[in-house]
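In order, the protein sequences belong to chains A and B. Mapping the first sequence onto this note's numbering, position 285 (from 1) lands on 285, and the numbers just tick up by one. For any residue, its number in this note's numbering is found by taking its place in the second sequence, counting from 1, and adding 312.
Any given hint could turn out to be false.
Here's a subset of chain B near chain A, in silico, CB distances under 8 Å, partners left out [stated by the list, open to error]:
no. : residue
1   : Phe533
2   : Met544
3   : Ile551
Some chain B residues well away from chain A (every beta-carbon gap over 12 Å; in silico) [claimed, not checked]:
no. : residue
4   : Glu335
5   : Ala439
6   : Lys459
7   : Pro513
8   : Glu560
In silico DSSO-like pairs for lysine-lysine, Cα to Cα no more than 27 Å straight-line [said to hold, decoys possible]:
no. : chain 1 : residue 1 : chain 2 : residue 2
9   : A       : Lys310    : B       : Lys556
10  : A       : Lys273    : B       : Lys556
11  : B       : Lys556    : A       : Lys105
12  : B       : Lys459    : A       : Lys253
13  : B       : Lys459    : B       : Lys556
14  : A       : Lys310    : A       : Lys255
15  : B       : Lys314    : A       : Lys39
16  : B       : Lys314    : A       : Lys255
17  : A       : Lys210    : B       : Lys314
In short, the hints are calculated from the structure, not lab data. By construction, the Cβ of each residue, glycine as well, lies at the ideal position given by its N, Cα and C atoms.
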Amino acid sequence: MSVLVVAEHVRGELRPVTLELVSAARELGGPVAVALVAKDPSALVEAVDVEGVDEILTVTVEQDAFENDVVQAAVESLVAERGPRAVLLGFTVDSMGYGPALAAKHDLGFASDVFALRDEGEAIVAQRSFYGAKVSAEVEFPGHDRVVLLLRPTSWPPAEGTGGATVTEVTAPAVESRARHRDWVEAQVGDVDITTADFLLSVGRGIGDKENLERFQELAARMGATLSSSRPLVDAGWMPTARQVGQSGKTVKPKVYLALGISGAVQHLAGMKTSGTIVAVNSDPEAAIFNVAHYGAVADLFDVAEELEKLF
Amino acid sequence: MKIVVCVKQVAALGDEVEFTADERDVDPDFVDYALNEWDSYATEEALRLREAAGDGEVVVLSVGDEDAEEAMRRALAMGADRGIRVWSDGLTGADPITIARALAEVVRAEAPDLVLAGVQSSDAVQAATGTALAELLGLPRVAVVTKVEPGDGAATVHRELEGGLIDVVEVDTPCVLTIQTGINEPRYATLRAIKQAEQKPIEEREPGDLGRPAARVRRMFVPAKGEGAEMMDGDPGEIARRIKEIVEERLA
Ligand SMILES: Cc1cc2nc3c(=O)[nH]c(=O)nc-3n(C[C@H](O)[C@H](O)[C@H](O)COP(=O)(O)OP(=O)(O)OC[C@H]3O[C@@H](n4cnc5c(N)ncnc54)[C@H](O)[C@@H]3O)c2cc1C
Ligand SMILES: Nc1ncnc2c1ncn2[C@@H]1O[C@H](COP(=O)(O)O)[C@@H](O)[C@H]1O
């Protein structure tokens with residue numbers, strides 16, 4: 001039985017998660033088909049024709065940008081026609097808008113934020129996290145021979161090489177799009193570009209109060225670091241958007257990433273886990289950040305900051 | 313304007329964890345409970361929309377056992393008008409599609425102008441319940457919303473993509489929106505409001521047919537630490553000196 005990967009793209013560019021999904025699909029085995037739902041799918045065919053892809057299914061739609069009703073209808077018709085055992089989507093904002101709907105409507109098995117898969121012959125077993133990524137779980141899909149899985153980005157290596165897949169045009173029934181793209185608003189540009197810094201001092205909700213922020217600004221300056229943060233500090237208006245590290249912020253790869261009071265949520269890790277050296281200070285010995293850190297200290301960040309202030 | 317907000321009582325783990333005898337979940341003695349962060353933003357957004365509309369009602373809806381009423385009371389203390397709690401033992405550890413089925417029945421009966429959920433629950437990170445709910449209700453939806461401007465027959469919303477790019481979307485109403493943190497600043501409930509919330513009604517319901525689970529946890533476990541971090545021991549002074557060494561070495 002086949003596996004269907006749905007390619008994700010934004011403003012004409014294939015998103016990298018797509019090629020990771022191909023790797024996951026190959027791991028499951030069986031013919032791999034990639035669905036390209038776009039206004040001009042032919043422009044993206046080459047990008048997804050990598051090793052391991054057997055067939056590329058192109059669906060031409062009127063809409064240039066992602067609209068959940070449109071993509072859902074296209075994927076539904078492919079699922080009906082091909083009957084794949086697994087539909088693989090990225091655990092991304094686009095997929096959050098239709099993946100669960102697909103499963104709910106057709107009574108399919110479902111799991112999201114999946115970071116590992118195992119095929120037990122008849123059954124697929126997925127691994128995901130619970131409780132602030134402190135606990136892992138094996139998830140099974142009893143009674144379902146078809147599943148929709150949203151896979152965590154950067155968990156599989158991107159598929160490479162060239163394929164030579166067959167390209168098949170498929171027509172999907174036209175649907176009324178009830179949530180329509182109107183415009184783009186670019187992400188805010190800031191005073192500094194944290195993506196080019198060699199050394200980031202990154203603070204999280206662990207710093208407690210806004211009043212404490214100045215202290216870390218000063219510490220960063222003394223250490224020769226650029227200050228960045230996790231999302232909650234940006235949400236609270238303490239830090240500018242441009243300094244946010246993570247999935248909805250910036251992806252950074254400094255030589256040193258020093259994280260103070262950051263728990264290590266998956267969306268934060270997405271933006272920094274490939275940093276050269278990650279150093280984390282957190283009072284919680286079970287904090288998920290320690291799973292990606294190279295050096296960790298279980299300590300109160302204020303005590304450590306005080307000592308750093310003496311040294312720099 | 314009548315708005316239903318789906319709220320979840322979430323569990324957070326401390327330093328230690330033990331599992332239930334069947335290993336399908338964490339032993340409840342090892343968790344602390346709170347109102348899901350995303351749902352406090354959704355509640356605040358509902359209150360603001362109601363205030364801007366001049367009249368209406370905000371109903372908080374939760375699938376959970378009696379303990380979940382604590383989280384519901386937080387939302388009621390913020391200013392929501394009443395609550396509905398759905399529960400049966402069969403919902404313990406339920407997957408998001410099953411939760412959506414339990415929610416859908418109630419929402420259908422309430423026939424609101426708008427349904428809000430959080431993007432995700434902090435303990436399960438499914439980011440799925442709101443979108444599944446919309447499908448079951450046959451309603452349009454937008455996931456990961458950072459701005460809502462109501463309009464006539466349609467709302468204009470901001471959908472926040474990876475990297476912070478905003479997709480401005482026009483969505484027909486009624487609809488389901490999943491609300492992202494940072495959309496507003498959730499209000500603090502005053503002590504008086506917390507007291508008053510104790511008097512607000514929370515109606516209990518039993519779910520109807522929940523269908524087949526979409527997934528089941530086979531086993532939970534503490535992940536192997538793998539390579540993991542090299543832990544720096546010692547007092548804060550020693551940790552700071554070690555950090556200085558690492559920084560100087562790597563930046564050299
Ligand atoms: C679609 C989507 C996109 C997202 N995008 C991003 C993103 O781009 N970037 C991002 O960061 N998040 C993002 N998030 C949010 C993410 O899920 C987490 O909520 C967030 O990363 C948590 O930030 P935090 O670690 O600072 O806070 P928390 O999770 O609250 O962690 C605070 C940590 O500080 C520690 N601490 C507390 N006090 C002290 C002390 N005195 N000393 C030492 N340690 C202490 C605690 O043990 C805890 O581990 C996104 C979420 C969604 C749904
Ligand atoms: N048990 C529940 N009761 C009510 N709402 C829920 C429940 N579980 C999830 N939700 C809603 O769905 C959102 C996303 O949660 P999840 O899909 O679990 O990540 C939450 O922010 C809530 O709005």
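Original post:
Which earlier hints turn out false for this structure, listed by number in ascending order?
Top reply: 4, 5, 6, 8, 11, 12, 13, 15, 16 and 17
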